[in-house]
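Please build the complex by placing chain D on the supplied structure of chain P, with the hints as guidance.
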Amino acid sequence: MSRKPSERRNAEDFDDELDLTPIMSILVILIPVLLFAFSFFEVRVQAVSSPRLGTGKASKKDDEKKPLNLTVIITSKGFKLTQQAELTTEPEKPIFKRIMTDSDGKEVEDYDYPTLYSRVLAKKRQYPDEKTINIGAEPHIPWKVIARTIDAVRVELEKESYEKLALYEKAEAKEKKDGELKVPVDLFPAVVFTVVE
Amino acid sequence: MADEIQQTEPENGEGFEKKKRKPSRSNELKGGLNINSMMDIMTIMLVFLLVSITSDPLSIKQDDYLKIANSTVDHKPEDSVPITVTKQAIIVDHKNVVKVDCSKSGQICQGDDYKDPGNTYSIGKSFKEDGSEASFMIEPLHKRLEEIVKQQKEEAKDLGREFKPVATIICDHEIPYRIISEVVYTIGMAGLSDLRFAVFKGGKR
Numbered sequence: 028m029s030r031k032p033s034e035r036r037n038a039e040d041f042d043d044e045l046d047l048t049p050i051m052s053i054l055v056i057l058i059p060v061l062l063f064a065f066s067f068f069e070v071r072v073q074a075v076s077s078p079r080l081g082t083g084k085a086s087k088k089d090d091e092k093k094p095l096n097l098t099v100i101i102t103s104k105g106f107k108l109t110q111q112a113e114l115t116t117e118p119e120k121p122i123f124k125r126i127m128t129d130s131d132g133k134e135v136e137d138y139d140y141p142t143l144y145s146r147v148l149a150k151k152r153q154y155p156d157e158k159t160i161n162i163g164a165e166p167h168i169p170w171k172v173i174a175r176t177i178d179a180v181r182v183e184l185e186k187e188s189y190e191k192l193a194l195y196e197k198a199e200a201k202e203k204k205d206g207e208l209k210v211p212v213d214l215f216p217a218v219v220f221t222v223v224e
Numbered sequence: 015m016a017d018e019i020q021q022t023e024p025e026n027g028e029g030f031e032k033k034k035r036k037p038s039r040s041n042e043l044k045g046g047l048n049i050n051s052m053m054d055i056m057t058i059m060l061v062f063l064l065v066s067i068t069s070d071p072l073s074i075k076q077d078d079y080l081k082i083a084n085s086t087v088d089h090k091p092e093d094s095v096p097i098t099v100t101k102q103a104i105i106v107d108h109k110n111v112v113k114v115d116c117s118k119s120g121q122i123c124q125g126d127d128y129k130d131p132g133n134t135y136s137i138g139k140s141f142k143e144d145g146s147e148a149s150f151m152i153e154p155l156h157k158r159l160e161e162i163v164k165q166q167k168e169e170a171k172d173l174g175r176e177f178k179p180v181a182t183i184i185c186d187h188e189i190p191y192r193i194i195s196e197v198v199y200t201i202g203m204a205g206l207s208d209l210r211f212a213v214f215k216g217g218k219r
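One line per chain: the protein sequences are P and D, in this order.
Heads up: take any position in the first sequence, counting from 1, add 27, and you land on the numbering used here.
Heads up: take any position in the second sequence, counting from 1, add 14, and you land on the numbering used here.
Hints in this document: simulated from the structure, not taken from any laboratory.
One thing to keep in mind: the hints can contain errors.
[Claimed, not checked] DSS-like cross-link-like pairs, simulated, lysine-lysine; straight-line CA separation at most 25 Å:
(1) D:K90 to P:K171
(2) P:K171 to D:K129
(3) P:K158 to D:K178
(4) P:K158 to D:K90
(5) D:K113 to D:K75
(6) D:K157 to D:K178
(7) P:K133 to P:K104
(8) P:K191 to D:K218
(9) P:K171 to P:K158
(10) P:K191 to P:K104
(11) P:K201 to D:K90
(12) P:K197 to D:K178
(13) D:K90 to P:K203
(14) D:K118 to P:K171
(15) D:K215 to P:K191
(16) P:K186 to D:K218
(17) P:K186 to P:K120
(18) P:K186 to P:K201
(19) P:K186 to D:K215
(20) P:K197 to D:K215
(21) D:K218 to P:K171
(22) D:K218 to D:K81
(23) D:K157 to P:K104
(24) D:K218 to P:K201
(25) P:K197 to D:K81
(26) P:K204 to P:K120
(27) D:K215 to P:K204
(28) D:K215 to P:K171
(29) P:K209 to D:K218
(30) D:K142 to D:K157
(31) D:K81 to P:K133
(32) P:K201 to P:K171
(33) P:K209 to D:K90
(34) D:K218 to P:K203
[Said to hold, decoys possible] Label pairs and their in silico Cβ distance ranges:
(35) D:G145 to P:E185: 45 to 55 Å
(36) D:I74 to P:T109: 29 to 39 Å
(37) P:P94 to D:T68: 39 to 49 Å
(38) D:E160 to P:K158: 25 to 35 Å
(39) D:D107 to P:T109: 37 to 47 Å
Beta carbons are placed, not taken as given, at the ideal position from N, Cα and C, and that holds for glycine.
Chain P with its partners taken away, still in its complex shape:
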């Protein structure tokens, strides 16, 4: 209902500012809740494929060119590399764990990722069209080791080989120009999980 003009004239001044205290109280509660739910790390995803079941029929193309079928098997002692038997004359030597100095200056017994990278890069040089690598592991090998192994075989780094683990850990991926963008040079980007019996 509208007020009479005389009432309006005689009325005392109102404090026209909003009372923000309840809104502040809500914000003070909401912000810690959201901060608690907020992740301060950048999440990325690593694509992998599961092995296809069934043998299928061999195509003519398969007959002409055998796939490399490069496989890295992670054991508790180190890495084993295998490939299509018809494409090699002698078996690959295993890459054993060794004591190395990491980028924090600590002496650690760890998987020899620099050597694995060099060996896989050498394979890529021999078979530049190959994009797929199989990765298998013993049942107890933790995911963090598998994730680092995928990192070692996925992209090419600035150097062909790294003697020290500390240098390898800090190495950047080699980049090429794709139009206006710079993209990493792929090594074996298609990772397929295999099961070691």
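Relative to chain P, chain D alone:
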């Protein structure tokens, strides 16, 4: 100063009464704090946090049972079915689907044991196909994923979009390859052929 003005008489002494000037607002002392600027900061923070949280398709929260591995990979996550594998359970849609067994030196893990490295993690055979230890199929996970795939296919059909069979596995860094293989196999059998593993960008190679 306002009081001084009110008390000043005109010099010619005619003695008219000057109307009292209302004290200016700036001279008034207020009891409370001015919270307007604080409100601005809080509102900006709130908007920033809401945008960040809603734009993250995975929204991973780490604790003693879930620590994500680091990687240098740079592919951003997309809309997918998230499957979380912690040291305690396999979680789909915020619900525990399968319990993960943990043992330390032959004893069942309790409390702080989960913080230690070198524990043994496995899926009980009762959850597997035919109750067989050797089986890779985790039955409750398969059933739940089939339901989700069916639901998402119907939603995609209603919206006139193509269904993308993408699954993202959010896996603790200590989870052994055997469990990963079982989860990957089960996801594949449920019709999700495109698999991704969530990692944190950065750290050592």
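Hints, verified against the model:
A hinted pair counts as satisfied when its Cα atoms are at most 25 Å apart, and K90 of chain D with K171 of chain P qualifies at roughly 19 Å. Pair hint K171 of chain P plus K129 of chain D holds up; C-alpha atoms about 15 Å apart against a cutoff of 25 Å. For a cut-off of 25 Å, the pair hint linking K158 of chain P to K178 of chain D stands: about 23 Å separates their Cα positions. Simply put, K158 of chain P and K90 of chain D have alpha-carbon atoms about 21 Å apart, close enough for the 25 Å limit, and the pair holds.
Simply put, K113 of chain D and K75 of chain D have alpha-carbon atoms about 19 Å apart, close enough for the 25 Å limit, and the pair holds. Proposed proximity of K157 of chain D and K178 of chain D is supported: the alpha carbons are some 19 Å apart, at most 25 Å. As the CA atoms of K133 of chain P and K104 of chain P are separated by approximately 20 Å, the hinted pair is consistent with the 25 Å bound. At roughly 13 Å between alpha-carbon atoms, K191 of chain P and K218 of chain D fall within 25 Å of each other, so this suggested pair holds.
Of the pairs offered as hints, the one joining K171 of chain P and K158 of chain P holds, with about 23 Å between alpha carbons and a cut-off of 25 Å not exceeded. Of the supplied pair hints, the one linking K191 of chain P and K104 of chain P holds, its CA atoms being roughly 19 Å apart against a limit of 25 Å. The hinted pair formed by K201 of chain P and K90 of chain D meets the criterion: a straight-line CA distance of about 20 Å does not exceed 25 Å. With a CA separation close to 36 Å, the supplied pair K197 of chain P and K178 of chain D exceeds the 25 Å bound.
Taken as a hint, the K90 of chain D and K203 of chain P pair is honoured in the structure, with Cα atoms around 20 Å apart against an allowance of 25 Å. Only pairs whose Cα atoms come within 25 Å are accepted, and K118 of chain D paired with K171 of chain P is accepted, the gap being roughly 19 Å. A threshold of 25 Å between alpha carbons decides the hint, and for K215 of chain D with K191 of chain P the separation of about 22 Å falls inside it, so the pair holds. Restraint check for K186 of chain P and K218 of chain D: satisfied, since their Cα atoms lie roughly 17 Å apart, inside the 25 Å limit.
A threshold of 25 Å between alpha carbons decides the hint, and for K186 of chain P with K120 of chain P the separation of about 22 Å falls inside it, so the pair holds. Of the pairs offered as hints, the one joining K186 of chain P and K201 of chain P holds, with about 8 Å between alpha carbons and a cut-off of 25 Å not exceeded. Proximity of K186 of chain P to K215 of chain D is assessed by CA-CA distance (about 22 Å); at most 25 Å being required, the pair is judged to hold. A distance of roughly 14 Å separates the Cα atoms of K197 of chain P and K215 of chain D; the hinted pair therefore holds under the 25 Å criterion.
Proposed proximity of K218 of chain D and K171 of chain P is supported: the alpha carbons are some 12 Å apart, at most 25 Å. Between K218 of chain D and K81 of chain D, the direct Cα distance comes to roughly 16 Å. Compliance with the 25 Å bound is thereby established for this hinted pair. With a C-alpha separation of about 37 Å, the suggested pairing of K157 of chain D with K104 of chain P is violated against the 25 Å cut-off. Of the supplied pair hints, the one linking K218 of chain D and K201 of chain P holds, its CA atoms being roughly 16 Å apart against a limit of 25 Å.
Between K197 of chain P and K81 of chain D the CA atoms are separated by roughly 22 Å; this keeps the pair inside 25 Å, and the hint holds. Between K204 of chain P and K120 of chain P, the direct Cα distance comes to roughly 35 Å. Violation of the 25 Å bound is thereby established for this hinted pair. For the proposed pair K215 of chain D and K204 of chain P, the alpha carbon gap of about 22 Å is at most 25 Å, so the pair holds. The suggested pairing of K215 of chain D with K171 of chain P holds, with an alpha-carbon distance near 13 Å, which does not exceed 25 Å.
Between the alpha carbons of K209 of chain P and K218 of chain D the distance comes to roughly 22 Å, so the proposed pair stays at or under 25 Å and holds. Between K142 of chain D and K157 of chain D the CA atoms are separated by roughly 12 Å; this keeps the pair inside 25 Å, and the hint holds. For a cut-off of 25 Å, the pair hint linking K81 of chain D to K133 of chain P stands: about 22 Å separates their Cα positions. A distance of roughly 23 Å separates the Cα atoms of K201 of chain P and K171 of chain P; the hinted pair therefore holds under the 25 Å criterion.
Taking the CA atoms of K209 of chain P and K90 of chain D, the gap is near 16 Å; set against the 25 Å cutoff, the hint holds. For the suggested pair K218 of chain D and K203 of chain P, the alpha carbons sit about 22 Å apart, so the restraint of at most 25 Å is met. Distance hint check: the CB atoms of G145 of chain D and E185 of chain P are about 52 Å apart, consistent with the given range 45 to 55 Å. Range check, I74 of chain D to T109 of chain P: Cβ separation about 35 Å, and the 29 to 39 Å hint holds.
For P94 of chain P and T68 of chain D, the Cβ-Cβ distance of about 44 Å falls inside the hinted range of 39 to 49 Å, so the restraint holds. Remark: the range hint 25 to 35 Å for E160 of chain D to K158 of chain P is upheld by a beta-carbon distance near 31 Å. Remark: the range hint 37 to 47 Å for D107 of chain D to T109 of chain P is upheld by a beta-carbon distance near 39 Å.
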